[in-house]
Structures are given as C-alpha cells and as structure tokens.
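Chemist: If you want the building blocks of each chain, they are given just below.
Number of protein chains: 4
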Amino acid sequence: MVRVFTPPTKPTPPERRELTEHYRVVRNLSTRLIEPLSPEDCVVQSMPDCSPTKWHLAHTTWFFERFVLRAFDQGFAAYDDRYEYLFNSYYNAVGKRQARPKRGMLTRPGLGEVLAYRDVVDERLLKLLGTCKQEDYASMAELIEIGLHHEQQHQELLLMDVKHLLSLSPMPNVAYDSELEKSTVLHSCDLRFLSFDGGILPIGTNPADGFCFDNETPAHEALIHPFEIANRCVTNAEYAEFVADDGYRRSEFWLDAGWTWVNTNGIEHPMYWCPRTKAPTSIEDYSEYTLGGDRALAGAEPVSHVSFFEADAYARWAGCRLPTEFEWEHAACETGDQSGQFDLNVLHPRAANQNEEGTAQMQGNVWQWTSSAYLGYPGYAPVPGALGEYNGKFMNGQMVARGSSCLTPPGHARVSYRNFFHPDKRWVCVGLRLAKDA
Amino acid sequence: MVRVFTPPTKPTPPERRELTEHYRVVRNLSTRLIEPLSPEDCVVQSMPDCSPTKWHLAHTTWFFERFVLRAFDQGFAAYDDRYEYLFNSYYNAVGKRQARPKRGMLTRPGLGEVLAYRDVVDERLLKLLGTCKQEDYASMAELIEIGLHHEQQHQELLLMDVKHLLSLSPMPNVAYDSELEKSTVLHSCDLRFLSFDGGILPIGTNPADGFCFDNETPAHEALIHPFEIANRCVTNAEYAEFVADDGYRRSEFWLDAGWTWVNTNGIEHPMYWCPRTKAPTSIEDYSEYTLGGDRALAGAEPVSHVSFFEADAYARWAGCRLPTEFEWEHAACETGDQSGQFDLNVLHPRAANQNEEGTAQMQGNVWQWTSSAYLGYPGYAPVPGALGEYNGKFMNGQMVARGSSCLTPPGHARVSYRNFFHPDKRWVCVGLRLAKDA
Amino acid sequence: MVRVFTPPTKPTPPERRELTEHYRVVRNLSTRLIEPLSPEDCVVQSMPDCSPTKWHLAHTTWFFERFVLRAFDQGFAAYDDRYEYLFNSYYNAVGKRQARPKRGMLTRPGLGEVLAYRDVVDERLLKLLGTCKQEDYASMAELIEIGLHHEQQHQELLLMDVKHLLSLSPMPNVAYDSELEKSTVLHSCDLRFLSFDGGILPIGTNPADGFCFDNETPAHEALIHPFEIANRCVTNAEYAEFVADDGYRRSEFWLDAGWTWVNTNGIEHPMYWCPRTKAPTSIEDYSEYTLGGDRALAGAEPVSHVSFFEADAYARWAGCRLPTEFEWEHAACETGDQSGQFDLNVLHPRAANQNEEGTAQMQGNVWQWTSSAYLGYPGYAPVPGALGEYNGKFMNGQMVARGSSCLTPPGHARVSYRNFFHPDKRWVCVGLRLAKDA
Amino acid sequence: MVRVFTPPTKPTPPERRELTEHYRVVRNLSTRLIEPLSPEDCVVQSMPDCSPTKWHLAHTTWFFERFVLRAFDQGFAAYDDRYEYLFNSYYNAVGKRQARPKRGMLTRPGLGEVLAYRDVVDERLLKLLGTCKQEDYASMAELIEIGLHHEQQHQELLLMDVKHLLSLSPMPNVAYDSELEKSTVLHSCDLRFLSFDGGILPIGTNPADGFCFDNETPAHEALIHPFEIANRCVTNAEYAEFVADDGYRRSEFWLDAGWTWVNTNGIEHPMYWCPRTKAPTSIEDYSEYTLGGDRALAGAEPVSHVSFFEADAYARWAGCRLPTEFEWEHAACETGDQSGQFDLNVLHPRAANQNEEGTAQMQGNVWQWTSSAYLGYPGYAPVPGALGEYNGKFMNGQMVARGSSCLTPPGHARVSYRNFFHPDKRWVCVGLRLAKDA
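Protein chains in written order, with the working numbering: chain A, 294 to 731; chain B, 294 to 731; chain C, 294 to 731; chain D, 294 to 731.
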C-alpha cells in the first residue's frame, strides 16, 4: 500500500562549459565577500562555533584539492603538505587536524598566501575541467558540485561568523555598506494561517532530480496530519510583545533545557538586539546590530538570531507550535514561494510584502526552526568514503531549520534542504514561522 | 483516509478497595527496597543525575501530600512547611526548591524522620481514600494513580542510584543478597530477525484504555516502513566482540557527539564492566559490578548500562541500526512478550531462554534504546497545571528507550511506555535490540 | 654578630602515665564532639575543602595505626587493609588514596564501624603505651604526641566542617546547644594601638622547648621594624561600617586577586552573615549563622569567617595594615595574653572585656590573618619520612594566620603556632587585628 | 640600632634633550620588534596571559596619552574616545575596559591605524617635551620615565607573547632571523658555589638614586643569614638529568600545588622542549622552540621557560634550594655581574663563559626564580593615584624572579628590580640559580 523508497539514481552531469561557469561564479563570490575586511578581521575566531574568514577560504579550497584534484589530476602533488592538517574540518577518515577551537591561532599562512592558494587550485581545477577524460567526467562533476554547494554553505557561515566577530567590537563595526534604510518597510502583511489536509505525502528528494545533500534522501512518503501554517515569519514587533509580556521570565513557556539556558546565560532578548535603556519596555527601546552597523530595530522585519528554545517558547506563548519539517516542506511545495534574493547590499532579512498571497518568506529571509529533531530519513545511508562524514554523523542533538536566509548564496536553497543546529545556537540568521493543529 | 486522533476519554477509576490495596503494595515496596541500606547509604548523592535514597522516599511522599491531600483533605495543613522547598523536584509552578545537585547536602531531616513523614501521609491518605465524597473520588483516584506510577518510577531510580553510589566504593559493596549465580544461563538463544510489513499503524494509548502518562498520548496512526527486528537483546558476549574489534577507537561507527564523548571521558567499555587486566582482550578479562556485588561478566546476559552513543555505534558496527520507537512498539504489540519479572533476589538482567519463540526480553530485562528523539506525538498536549511539567518540558535533546528493566517494579511496564534519557547516560539499566530495513 | 640557628634538640618525653592520660583526654573529645550529630550529618562532604565528620574520626585513628602501631606493635596486622586507601589524607609516600573531593562518597564503613575502629586502635595503643620497651619509648612518645596534636587539628576542622554543612540546610540547623545569648557582651573595649620598638628578635621555637610542628622551627632571629598593633580584633560593628561604606564595591581597597574573587563570587559580607532585608544598611539588618543556630549579629564580637582578601581590604580601608606574623608573635610574647578558653557550650568568638589591658583576644577567639606568606623559616627542613609531608609541601600560595580560635581544643594553641590557608578561604573561624608602621 | 627607612627623595630629572633621545630610542625599538610580523601575527591572542602585539603597541601609547598628554598638554583632546576602553590594561581608577581574555577580539583598529596612533602621540609628546613650562617639567619627566620603563616591560612581554603564539603553529614559525648556531657554546663553565656571610644588609632602592618602580622601595635593611649561591644558572644539560631521573614523576621533590599542576597538565619537561621520540631519555632526544625556529636543545645554555614549581623541584632534587630575593640581590651587589646584552639577532639565553669568575648570568640571560613571595617591603606604599595600581595590587600569590633575560630591552635591568609571576607561569624566559645554607 505504501510506496516506500525510490531508489536514488545518478543525475546527468551538467555540460563542462556550464560547470566551469558555475565554478567561476561560486568561487568568485567568496573573494567578493571579503573585500570590506582587513587581514586582522580575517584571522580572528570569535567563538568555537565560528571559524576565521581565512580558514573558510582555505578550507573550501582544500576541499577541491583533496577530493577532486587528488582523485583526478594526473601527477597531483599537494600544494603544501601541511594544509591537510590545517584545513581539514572534521573528516576523521582523512586524518588528524587543527582542533576546531584553535583555528584562530593560525596566523600563518596569512591571508595573501591563502588567496594565492585559491588561485593555484582554481587554475588547476579549471584546467582539469577542460581536459579530463570523458569517462571520469561524471564522477568528477559530481564531486565538484558537492564542492560548490559546500563552498556556498561556507559563504553563509563566513557571513554569520563575520557578523558575530564584528558585533563584539566596541569600535564602529560596519562590515558592508548597505541600503537598509531605504528598503525598510514599515508594516508587514497581516498574519494569516493557511490550512493543509495532510495525508501520505512525498518528502525529500533524490539525486536524480538535481543536486541535493545525502541527508535529503531518500525521497519517501510520510504521514502528515492536517495542520495550519502561518503565511509569514514572526516579526520583531510580535516578538517584542512576548518580551514585554515577561516571556523570558515565565517558565511555563520553556522547555526545561531552554529554561536552564535562559537563566544560566541571562538571556533577555534575541542575540543582536541591543537595549538602549536599562529597562526596555517596547521595540523602540532596542537597536539591532546588522552587517551594515547598528540601526533602529525594525518592527515589520522577521525576528532573527533566536535559538530554537526561544522560537519554541514564543510559539507556546502565542498558543501555537512550530511546524514539523514535513509540514514545512509540504507547505513550501504547495505554495511555491521563492521570495528571497541574495543581495550584497542588503544582507538583512526583509519585511513581507503587504500584498503577498499564499506564503511569504519561505526562502531568502530567515531560516525557520522546526519542531523536528535532525535524524536520518527512513532508509537513509551516508555516501561512502570520507564524504559520508559530511552530514550523517551529526544526526543527534540538533534541530532542523528549513528554508534559507538573506545570507544564503544564490542557487543554494531548495525546498527539501535540511539545515541543522543545536537548540541553543543563535548566530545563525534564523527565525520562526508559527503552525498549529487543524 | 487517515484516522488522526482518538479524543482521550477519562478512564473509569478503580474501586476504593482496589486502589487502597494498590497504594499499600506500592508504598510498601519503597521501604522494602531500603532494608539493606544504612542511613549513610541513604543520604549521599553520588552525582547530579542521582538523588539520595532518602530524597526519593520523601519526594514521592510529598507528591501525594502536595497533589492529593492538599486538594482533597478537609482541614489540610502541611506536615512541615519547609518540605515543599526540600522535596519538590522540578515543578516551577509550585515554587522554588533545593537545587538538584545539592540534594545530597540535606542531612536533615534524617532517614527516621522521613520514614515518619511517610507514615503520617500514608495514614492520612488511606483515611481520605475511605472517606472522601463520591463526587471527588474520580478526580482523586486519578491523581493517586499518577502518584503511584510516579513512585514506581522513583523505585527504579532509587535502585539505579544506589547501584551507582555503591559502585564508587572501594569497600565491599553488596547491596542486596542475590541468587545471581544460580540463575545464570550459559548460552543465550540464537540471534534471529523477525520481519514486519509496516503500514499505517496505531501508536500510543489513551487514558481511557488504562493508566498512561501524557507523553504516550494521543493514540494516533503512524506510517511504518517494512523492517526487521531482533528476537532478543544484544548480549555481553556479542558486545565484547565489538570492544575487541577496537570499536571504541574507530570513529567510523560513532556519531560526532558520541565520538567526542568517548574521547573526552576515556570510555572503553560499558559502565559497570571492570577490566581485570591492563589490556583486556576478551570477555573473560572483565568482571561486572552488580547490586549483588562483583561477579564474572556473563556472556549470555544482555549488555546493560550502555549509553545511546554506544548502542548506536554497536548497531552500526554490526551492520544494523536501532529500531525507531514506533517499530519497537509495533513489534511488541504483535509478539506480546512480557518475559521479565521483578524479583528482589535477582536485580539483574537475565539471559534469553534458548527455547523462546517470537521476541524475548521486550520487558523486564533491560530498557532498549531506540533511534527516536523524544518528542511529543502529533496532537500532544501536557495535562493542565503543575503536573503538565511531568513530561512535556523534557522533550528536547533526549532519546527514547522502550520496554522496561529488571529494576522496573511489577505492574509499571506498558507496551506504549516511553522512557527517555540524554544520549550519554549510562546509569540506567539499558541495552539495545538490533533492527534493519526490510 | 647575628645568632642564626639554635640546633634543635630532642625534647624529654612525658611520663607514660601522663601521656596515657593525654591520649585518653584528646581522643575522648573527638567522640564528644559528634554527640549532637546523626549518622547522616557525619557522612556528607559539603565542599572539597571540608571532610565528612566520619572521615575525620577515621583518619585520625588511621594516623595512630599507621605511624605508631605499625612501627612499634609486635605482630602488627592492619585492622582493615582497605582503610589505608580510604583514610590516608595526603601522604604520597604512603601510597594511593581516595580522592579528597570524593571523601563524601564513602558511605561504608558506617559511623558505627568507624567508632569500633577507634576503640580497637585505642585499646591497642594504650596497651602498647604500657608495655613497649624503654628504648623505644622516646621515639614512640614523639609520634604519639604528633598524633594527638594532629587529632586536635582535626577536631577544629571537624567543627568548621560541621558548621559549613549545617549552614547549607534550609532546615533548623542547631548543632550544639549553646549559651550564646547569656554570654553576649554589648560593647567591646575601645580600640587602642600598642607600640613596639622592633629589633633583632627571636622567632619560632625548637622541639626541645616543648611540642611544636616542624614549620615553627628552627628558632631563629628576625629583624622587626618598629610597629604598632591593635589591642583587640576588629569587631562586627566596625566591619559593618566598612560594608556600609561600600567597601565591597570600591576596588581601591582590594588586591587584584581579591577584587576578582569578590566579583566572581558576588561576595558582599562575611561568610555566615545573613541579610534580613534586600538592601541591608546596618548591622541590625544581618543575622549570623552559628553552631548554636541563627541569631542576631553581635556588634561587640570579633568579625569572623572573613577571607584574607577581606581582612586585607578592611585594613586598607581603615588606613592600617595587617601585622606580619613576626610582629604578631613578638607582640604575643611580650603581652602574654591567653584569653580564650575552649567551651563546648560557647563555640563562638566572644567580645573583648572592657577592662582588659595589653592585648586581648590573641588566643581562643578567632584566628588572625597576617600579611605573611606561608614559607619555610631560614634553615627549615621537613622531618624525614612520610611525616615530612605534614607541613612543608604546602608552603606556597597560602597566608599565615596566627593565634587560635574558639574552636581550637584546649592545650593546642602556642604563641609560635603557624596556621595557613589560601587567601580566599572563609570557612575557618578567622578574623583580623590591625597594625601599622610606627 | 637598626636603620629602618631612608625617606625617598625625588630624583633630579634628566635634561630635556637627553629625555627626548631616550624617548625616541625606546619607542623606536617597539616598532623594530614587529618588523618580521604580519598583521595577522599582531592581532591574535594565544592565551589569556598574553596580549596581541597590536594591543601592546597601542596600550603603551595610550599610557603616554592618558598619563602625560592629558595632564600637561594644553588643549588636550583624546585621539579617539574609545581607545581608553580598548587599551586600558587594569587601572580600575581610570574606568571600564575590554576584558583581558578578549583583547584578541579587537580586529579594529587595525595594525596600520595603531601605528598611526603611535605617530600622532609621539609627535605631540615630543613637541610637549620641548615646549612645556619649566615648572611642570620635573613632574612630566617623571611620568615619561615611568612610561618608557613601562614600554620596555611591554617590549619583553611582546617578545614572550609572540614566542608563545608562533610556537602553537604547525607551520614554519621563524619570527626573527637569528645567529643562534654561531653563538652556541658547547660547554658551560663548571658549577661553583660562592659563600656570603650575611648580616644586616641594605635591600631595595630609593627613587633619588635613579629610576625604580615603587615595589623596589623603600630602601631598607634586611637580616640575611649566611648562604651560598651558584656562580651561574642551571643548564639544559643539568636539567635533563633531573628529567631522566624521573623528576616529574616523583612527588617527593614537589610542593603540593606543583604536584597537582604537573599531574593536571601532564607536564614532562620545560615549556619549549619538544621530544623527538616517544620515550626521550637524554638531551639529544629533544629539540627546542626558539624565536629563531626549532633547533637542537643546547646543553650548555641555561634552562628556560620553567615554572617556579619546576625550579623549586629541581633545586630540591639537587639537594639545594632557591635563593631568597634578598640573597640574590646581595650577591648581585657584591659581584657586579652585568653579563647579558640585548641583541635582536640572538633573542635567546647564552651559555656562561668558561673563564668567567664571580657570578655569571645575573643579568641578560634568564630571569631567576627566588623562594620569596612577592610582598611589599617594610614601609612600602604605592604611589598615589591610578599609577598606584601599577604594582601594589598584585602583591599576592606570586613569586619574585630576579635579574633580567635576553628579552629585556637595554637599560631596563637593575640589581633591585623585582619581577613577579604566578608559580605556574612558564611563558616567561625564566630559569633558576641554586643556593644553599652556609
């Protein structure tokens, strides 16, 4: 009765020219992202969750060197033997490495040397793309595509990490010129709930249908009960009411671990909100740190940089709940919203358009916490080899966030994309969308 | 098409006489459990997860006083005003309390005073049971039943905690005389896998069908894909092969958080195994700490006191996986095994009988880790009031264990029972049962 | 010109009868001290600095067994082989042992068994005292005397530790009936400073002059500059002025490490002061926890349970300083005050008598912090063997406190006695006496 | 009889031209020190004890701006208001500041901006030096001299901190070209002990006798007992014998706190020794990290980068002890050795010349641990105002090191100079010299 798994099929690789262009575009964005940064900005690690900018640039390059050039480049020789130790992230199968919380100790190689490393690997890889044997091409193209999506993930991480680092500084901390003031909308569209019937519905994707990470596979069927989901994300103004209603001081809204987290860390508001008075009582009393500097907190924009615990508590306070990741995916498939767009001049979530119908802000604004723990789908198996460590080994203790954010590079988002973070993490550009039982 | 929720209905309460007898039996077991213990054994807290025996005895009593006597006893006066602070466990709605890791600082009231407190509350409650108005009876009986199941949970915790405490002592540490030697079986039955077709199947229970905790509700339908599940739990002998195969030193079997846990804590074997040599190579090189003292590690018995991380790594090493809690529940419903029996003389898991058919050891031996994160069922809502904190607020970061153990008191286990622990906890009498995709 | 060291000479041992009586008296006091305590009170360890009462009773007994009986008792057999592991405190030369912070895990042997152990060792030792060969007597008597002074140290520790443990309880926590109310004096004598000329003066003592610990040796000469020292200790009333003058919030009075300590731990008043209001402003706003329970804070009594950091900050606030241990010893020699007396009914410091001349409260009230770091005297050498670990290895990072306290057993104090604690310790019954340059 | 204190007298200030030249020379050395470093090297903080190079450069500049320009420059305006927060080190009297362990988070202002800040302050200060009124000159000159000695302290810290940072890198880590190989001497001179009679002897200095820090005052008399002191420091070869004799595994040589430190941190050799084999047995089995890169460990050179605990344990193993700081100062006064010389090409301690008489290596090689706790001299009073925090508030928990090291800038060392560190610190270029009782 129940269709269980579509066996995954290899996708047709893109043309060489197309892949070459894709490679250039993605790699080029990484270096554009660091233009406003100094060498000092690029070396410091602001907390163990973050990596130095320079490390992101080098690690993504090492990824191509290690998994593509080494496998397909005739006469391959490592650019520098020590880089494998320095720039391996977490692949135990590859070997030992610089401890994660010590990435910021690596003052050498300097930023210039890392950029030179990028150039050399790019040159070799682009040459290989043009010259490799046809029989190798499909396998190589698959790895290159993983590498490009991997680099895009690090582009978003890089922006998150730069934001965190610069937010710590008592100095003026504008990273990116921005047109934020112009684009701010005063009022978000009204909150409405859309109803869905549920049923036995398709979830996930298969590689044959286009690029995806292994954690989105296999495509399978899931039983979804009838539910309602909000047309847009929760706004700063709405969230400020929760704060004003003593939301952070009333245990009844919080999971036990969240309540401990709030009290241990003295949490009183979202991460980048900054009270302008000793006893703030409304949204006017806060400014917000953004990649364009400090500015007034905009009530119509989606609340961002909240932990799962905060999202979950807000939802309970609002008499709702978070959607499951399956509900979110089903709603996204049905409504087809792809509203967000990556814009280096507006690296900030934007208010939902008042005239928008269906769902808004499913993509390109803020990631959206779900109530789903990050686990393997039925029949899930990691890809073989070292890359099997990419996703599978993290399937414990983390929660799924869906959608994508204003920091997600173009072409990276997918409706089946599963992002995942520990429930106390807030340096992600993540917010929430309400749901409830039908 | 899909039947979603059966609305929960109030159960018919038991007769007064029956409930009185139930109360006597359960409460009496608590005091029998401490017979072999000294006042010193009863006051010390061996780690934050554990509570002192004396605290268990007092807290379960306070539960009846606070939630039953206070609500239904005319002219109620608290036995001692300070006890609410001392013996409230985690009910924020009730008020402030002794910090959990400091429960062991409470040398006063002493064991004798706590036993006197038990007597007074028992007397009042039994009197109330006989005299309360009929219109109150149903509500009161419901709370008493929760209190009795609550006390049974603490009976198992008490035994787990005593085992942990006594295991720390370099002195002879026999807590309970035991007939372990007589009952040890040399060979477990062979490992076989039973196949299930899956489908849309009933999961959970409703209060109308008998006592259950709110986390087992509502009864609902779940989509289960075809699977196979082992006829019995993994044995010490089988687990020893994993150890001998360097299972604890090979990252490929471990979740990332598990690998960190293993290396941070220097984990090399299950919690109560004790190497008899510097470099143990087989099961003969270990003894095992039990509530009956140290003894040779018995190969045919189920491995116990392993963390979720260990269970999960073992399953991956064995080319299998852990079952989901839904697979486990479905298999248990179908096979109906109720093999275990609580026996104060054998507080230890026992080998599966060689002749057993279907599934063995579903109940009464070791809890069994599942691959399911502990989350609310579709439509789950905590009960109103302070008791709503009983289960719901812990639905984050924990994994579900199913079945019951040799330390679970008689009458406490259910096929829909959901136990839950953080994935690194090992002081629970918990093991694992293998599963795989069909 | 300078007389440097008097070579230490062995003292004449006391008569057997006299030593026997001394032994009985000292050992008997230990068991009298625990009369008001329950087995539960005796097993719990309230913090790593403290030891369980039961452990003190067993350790002091083990000291006699290990260092006297084992050396002199023909046919010696250990009472229990495991006790050496359990009850060795810190003698590396003797072997491995129960980790100090885990002493509270030892529920077994129970209090009864420890008391039985005491009886057996006492019986053997008293018998040996009567029967040992005359040629062994002097050596044995020396060790027994060390053992008795060692036991007296632990009697004071036991009282300090019980006070700390019971202070943690929200329950009524009277340990010892007390006549505190009757003995409280309303006004202390006036503060006066006594002048001393200084010079090259004798410091320390030699074993030939009576029992002393090795850290008091060798007697030697020290250069003391002219100084003044207060006639009595600082009172609670005086200390309360420092508190009211924002002493805990003004960095200028504090050593850097003290300032960190104050802010990290949120210190606002002496350890056992308990504010009765949210914003206390005067001494009337505090109660004090004592071994006789909570009572009003008595202004005329010496302030106690302050850290070195607090004592040093108070002195700086008062425009004075702490005395060096040499100034203190010289003043004590010259004025000869032996005011305090151990009284099981008044285990609390007492106000200085208004008519007292010279120095009051040098002994028997509160230990007195000095400005001297705890280091070896010129020519200091630890005694040979395991007992060399008694004092010498602690000569780093601690400050000297001089005098004795109301918890110091009779016959234990000496003018050359050097007590020592880390500068943040406050569970000691310690206060301060002011000094200044002449 | 005893001469106690010489009242300190203000020194005659240097000529304006002389001070101008002194200022130029000292300030110039700071920028020469960073020539081999990249911006990345200059921003990272490798541990809380260390500061980023950039921070050292800015803080020393701020010191002149805050304490000289602000006081004497007419029409003073702060270069940047935020710099006081960023670059104040520990002056509570000045106000709040960047937390010490977070100095490495300050990516902005960048190195270039800090160098520009230096230029502006230098220009202003040099102009002021030429133009200030004569009546202000003496006071200003005194502050400038403090500022220059302060900068020299930070020059040594900068080199220590750079050494620590670069030692963490798995990459080639040569900071400074060096002529180490040429200068290495194969054999040190023989170890001899020089005898001193002791007596009542002058210690410390007064400002009237030339620049000194307040912790060297007042000059006073101290009683020194007869002693012997080694002609040179302990060498690597000698220290290696201690290591080979299991010195790090035998508790009898260690202070209790040192023994805990060794075992908690797994210490097995001096900080920058690097074993070339798994089980090193002699000095040939080690290389050493230096500011000129890794090289063979040179037996004849003084051991360096050992903690007080190691120095003290070595001395005990050798049957000796450390000298007191008074013994050290007296020996240095008598023998007049000023052997070391700062050389940017040899930033490394050097072997003692074989022909040397009297004491060698008193200055300019390695600081030398003494057995003296860092406390105020009799009659010590900090200078008034914020600069009173310079030394006095650290007089607790630290040990005195005497002499100077190969990293100490020219003109900074003095025979009465008191350096001080916590007993576990090893990133200092510090070794030891043996002493014993006469």
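These are computed hints drawn from the structure, not numbers from a lab. Because the structure is a prediction, the values reported are computed rather than measured. Be careful, since some hints might not be right.
[Said to hold, decoys possible] Taking beta-carbon pairs under 10 Å as the criterion, some of the chain D residues facing chain C (in silico): (1) A386; (2) G405; (3) W547; (4) D578; (5) Y582; (6) G586; (7) L680.
Backbone N, C-alpha and C define an ideal beta-carbon position, used for all residues, glycine too.
Chemist: So, for every hint listed, does it hold in this structure?
Modeler: Tested hints:
1. This hint holds: A386 of chain D has a C-beta 7 Å from the nearest C-beta of chain C, less than the 10 Å allowed.
2. Restraint check, G405 of chain D versus chain C: the minimum CB separation of about 33 Å is more than 10 Å; hint violated.
3. The interface hint given for W547 of chain D is met, as the beta carbon of that residue sits about 7 Å from the closest beta carbon of chain C, less than 10 Å.
4. Because the beta carbon of D578 of chain D sits about 28 Å from the nearest beta carbon in chain C, more than 10 Å, this interface hint is broken.
5. Interface hint status for Y582 of chain D: violated, as the beta-carbon distance to the closest one in chain C is roughly 28 Å, over 10 Å.
6. Interface restraint check: G586 of chain D against chain C, minimum CB-CB distance 35 Å, threshold 10 Å, status violated.
7. Because the smallest distance between the Cβ of L680 of chain D and any Cβ of chain C comes to about 13 Å, over 10 Å, the interface hint for this residue is violated.
Hints 2, 4, 5, 6, 7 from the earlier list are contradicted by this structure; the remaining hints agree with it.
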